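Using the sequences and the hints, build the whole thing.
There are 2 protein chains.
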Amino acid sequence: MQIEVYSTFNSVKDLSGKTAIVIDVLRATSVITTALSNGAERVIPVSSVDEALNLSRKFEGQVLLGGEREAVKIPGFDLGNSPLEYKNELVAGKTVIITTSNGTRAIKASESAEHVLIGCFLNASAVVEKALRFALSSETSCVALVCAGTLGEFSLDDAACAGLIVDSLVRNMERVNEIPELSDLAFACHELYLGHRSDLKTFISHAGHYKRLLDLGFEKDIDYCLQRDVLDCVPVYQKGCIQSAISEVLK
Amino acid sequence: MQIEVYSTFNSVKDLSGKTAIVIDVLRATSVITTALSNGAERVIPVSSVDEALNLSRKFEGQVLLGGEREAVKIPGFDLGNSPLEYKNELVAGKTVIITTSNGTRAIKASESAEHVLIGCFLNASAVVEKALRFALSSETSCVALVCAGTLGEFSLDDAACAGLIVDSLVRNMERVNEIPELSDLAFACHELYLGHRSDLKTFISHAGHYKRLLDLGFEKDIDYCLQRDVLDCVPVYQKGCIQSAISEVLK
Numbered sequence: 002m003q004i005e006v007y008s009t010f011n012s013v014k015d016l017s018g019k020t021a022i023v024i025d026v027l028r029a030t031s032v033i034t035t036a037l038s039n040g041a042e043r044v045i046p047v048s049s050v051d052e053a054l055n056l057s058r059k060f061e062g063q064v065l066l067g068g069e070r071e072a073v074k075i076p077g078f079d080l081g082n083s084p085l086e087y088k089n090e091l092v093a094g095k096t097v098i099i100t101t102s103n104g105t106r107a108i109k110a111s112e113s114a115e116h117v118l119i120g121c122f123l124n125a126s127a128v129v130e131k132a133l134r135f136a137l138s139s140e141t142s143c144v145a146l147v148c149a150g151t152l153g154e155f156s157l158d159d160a161a162c163a164g165l166i167v168d169s170l171v172r173n174m175e176r177v178n179e180i181p182e183l184s185d186l187a188f189a190c191h192e193l194y195l196g197h198r199s200d201l202k203t204f205i206s207h208a209g210h211y212k213r214l215l216d217l218g219f220e221k222d223i224d225y226c227l228q229r230d231v232l233d234c235v236p237v238y239q240k241g242c243i244q245s246a247i248s249e250v251l252k
Numbered sequence: 002m003q004i005e006v007y008s009t010f011n012s013v014k015d016l017s018g019k020t021a022i023v024i025d026v027l028r029a030t031s032v033i034t035t036a037l038s039n040g041a042e043r044v045i046p047v048s049s050v051d052e053a054l055n056l057s058r059k060f061e062g063q064v065l066l067g068g069e070r071e072a073v074k075i076p077g078f079d080l081g082n083s084p085l086e087y088k089n090e091l092v093a094g095k096t097v098i099i100t101t102s103n104g105t106r107a108i109k110a111s112e113s114a115e116h117v118l119i120g121c122f123l124n125a126s127a128v129v130e131k132a133l134r135f136a137l138s139s140e141t142s143c144v145a146l147v148c149a150g151t152l153g154e155f156s157l158d159d160a161a162c163a164g165l166i167v168d169s170l171v172r173n174m175e176r177v178n179e180i181p182e183l184s185d186l187a188f189a190c191h192e193l194y195l196g197h198r199s200d201l202k203t204f205i206s207h208a209g210h211y212k213r214l215l216d217l218g219f220e221k222d223i224d225y226c227l228q229r230d231v232l233d234c235v236p237v238y239q240k241g242c243i244q245s246a247i248s249e250v251l252k
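Chains as they are written, first to last, in the working numbering: chain A, 2 to 252; chain B, 2 to 252.
Since the hints were derived computationally from the structure, they do not count as laboratory data. Since this is a predicted model, take the numbers as computed values, not measurements. Mixed in with the good hints there might be a few duds.
If several chains are the same, the list does not tell them apart, and a pair holds so long as it fits within one copy or across any two.
[Claimed, not checked] For lysine-lysine, the following DSBU-like pairs were computed, each having C-alpha atoms within a straight-line distance of at most 35 Å:
id : residue 1 : residue 2
1  : K14       : K240
2  : K59       : K202
3  : K74       : K14
4  : K88       : K74
5  : K212      : K109
6  : K109      : K74
7  : K14       : K212
8  : K109      : K14
9  : K59       : K212
10 : K240      : K74
11 : K88       : K59
12 : K88       : K109
13 : K202      : K14
Now the structure itself:
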């Protein structure tokens, strides 16, 4: 098996035949995983505010608009980009249309992959299990971790999560006596994770994006997003729409 | 002072006002530094084989053509991309026109910077000293490390050298009681360097590009390029041409 990491949405290459895991820890993929885990019917990621508004007019009452620009809620939208907003009583049974600066672009950039999963710290083990199942049953046998990054640049929070997922993939493969082949960036993220796994929050606190979120008062979001394996929901992106693998796609 | 790292020639942004250090350890910036250290008059980096051939016709006898495609010497060229070929008796007093897959593109991608220096393990301390002098006397006070990468992807050899250079810049600034601000990727490269500085060769041996060079029989090149601080030559790129800072640009 091969494991690749891309550091930004704009560095992604052709992923044909590969299983992609899109990672935007702070906060898009944490939001999407939380929304679906809390009962949202589906999440539709779109690139622009206009696209979100136009699409929302096609639904009648059962749709919520979520997302951010420059980390804050978009005027007129129902929800921002804080996972803590996406509570069960608000999202259950609803369609959420979401647009964010980096995460939704990373999802779109991964569309050439055979499978596109949504990962974060919250569902790390669950997404690894699903990715292994997909990758090992495909001819390519390659997992591509697509980090959203921040405004086109490498971001430590996503790299740390990629490192954790690489570690988990490697350990799973070692159990069946296979050593996966890591790309240079997959190897680097793994090493960064191994060097800092005892205190990932301190490591991630050096990220520019972490500091910006802190300045904007989003410390509770950060603490929530850095929890590991608290959700078993694996969002799967297919034909423009994200649904939970357990409840919708693979049942 | 700010320190940024770019992981590939195609990820470089506007570097106006900044001091760039271009890094292509295996092997373009090691070749350029070696050629100038061994007495070459100048190195002219060009993007294509055609451009190299056309330019060489304008010189009469005093020019050498060097470079590679897919790591091997270009048919009809005088020299490949092995630093060990660029001996004093061959290059002294000559103009070397060079074209490589990643390094020369990284130099061109850095043209918007106020100063463009050429760095590698061989001249790491010398290039840091020069970069500090340039950066601290400029308004921006930012050093941008531009890694060439390998065919548009992050490369461990360049990241390790960037980490060493970040470490040296940080230590120099700490001596004057300043803590530089690191970009996320600068922080990551620094951490990777700190975690592996006792055995950088083993760390770099995980690079895909390292393995390819080994397969092609270039082990002596690798051993040469991973030597630290054996040259005090600092190549400076200006108006399409690279010359040694000591002998030509700053004398």
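Hint check:
no.: 1; hint: K14 x K240; in the structure: both (19 Å within a copy, 33 Å between copies)
no.: 2; hint: K59 x K202; in the structure: neither (41 Å within a copy, 58 Å between copies)
no.: 3; hint: K74 x K14; in the structure: both (31 Å within a copy, 28 Å between copies)
no.: 4; hint: K88 x K74; in the structure: within (16 Å within a copy, 61 Å between copies)
no.: 5; hint: K212 x K109; in the structure: both (27 Å within a copy, 33 Å between copies)
no.: 6; hint: K109 x K74; in the structure: within (21 Å within a copy, 40 Å between copies)
no.: 7; hint: K14 x K212; in the structure: both (30 Å within a copy, 22 Å between copies)
no.: 8; hint: K109 x K14; in the structure: both (12 Å within a copy, 23 Å between copies)
no.: 9; hint: K59 x K212; in the structure: neither (38 Å within a copy, 54 Å between copies)
no.: 10; hint: K240 x K74; in the structure: within (26 Å within a copy, 46 Å between copies)
no.: 11; hint: K88 x K59; in the structure: within (24 Å within a copy, 71 Å between copies)
no.: 12; hint: K88 x K109; in the structure: within (25 Å within a copy, 50 Å between copies)
no.: 13; hint: K202 x K14; in the structure: both (30 Å within a copy, 29 Å between copies)
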